[in-house]
Amino acid sequence: MLPCLQIAATFLVIILICSDGNIIPYDSDMDIFVLAADEQKIRRLATERVNITKGQFNLVTRPGPYCTLNPGERMNCKGQKVPSMQDTCSFCGPLARMFMDYGNYIDMFLINIELHTDSSGVPIQLGYVIEEEARLGLLELPILLPQRRCRMMGLDVPCPHHPGVLLGMLYNTQWLKPYYLCNPETGKWENS
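Under mature numbering (1 follows the signal peptide of the UniProt record, and there is no 0), residues -21 to -1, 1 to 171 are what the sequence shown spells out, in order.
By construction, these hints were calculated from the structure, which means they are not laboratory data. One should not assume that every hint holds.
[To be verified] Restraint-style ranges between C-beta atoms, simulated for each label pair:
1. N55 <-> C161: 23 to 29 Å
2. V108 <-> N151: 31 to 37 Å
3. A15 <-> Y158: 26 to 32 Å
Beta carbons: idealized from backbone N, C-alpha and C, even for Gly.
Please put together the full structure from these sequences, using the hints given.
And the structure:
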């Protein structure tokens, strides 16, 4: 696990479906935000790619800066530079990825957080900047707090008070709708 790493549960965004409390059905991972100040801690905890052991927790970090699509600096699970996504390790978007077996993983994205207060010092908003975005986002605290418990990947974990609102702000209001659907007639993936 990640000892002494400040992953504030309030600021973890655990992707949920409101109706059944499970992970988004077309998504194969879980995304969490970690404080940007902890980037070097995470990098120090990373598993060298040549030491990845299937069946044990492995933490790998991206070799270069954030990228959304190709080209980007990528390295596969054998430690070789590759031009595109070829395996669980050859990502370039999140800072880090934790996995036990290939294909199921937790992606860690960097976030900077600032608390906004009213004139009397009472917290009212949470300002945040996610690594890949240049703009400051603002969350009203009632979206996050009070936290509630939910089931995620078989675990009882803290979740935002209004996860659907949060997902709509972070992704878009159509977050439940998959980007691609399988055409049953052709067997091919098509834009939804």
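Hints violated by the structure (listed by number, smallest first): Violated hint: only 2; rest satisfied.
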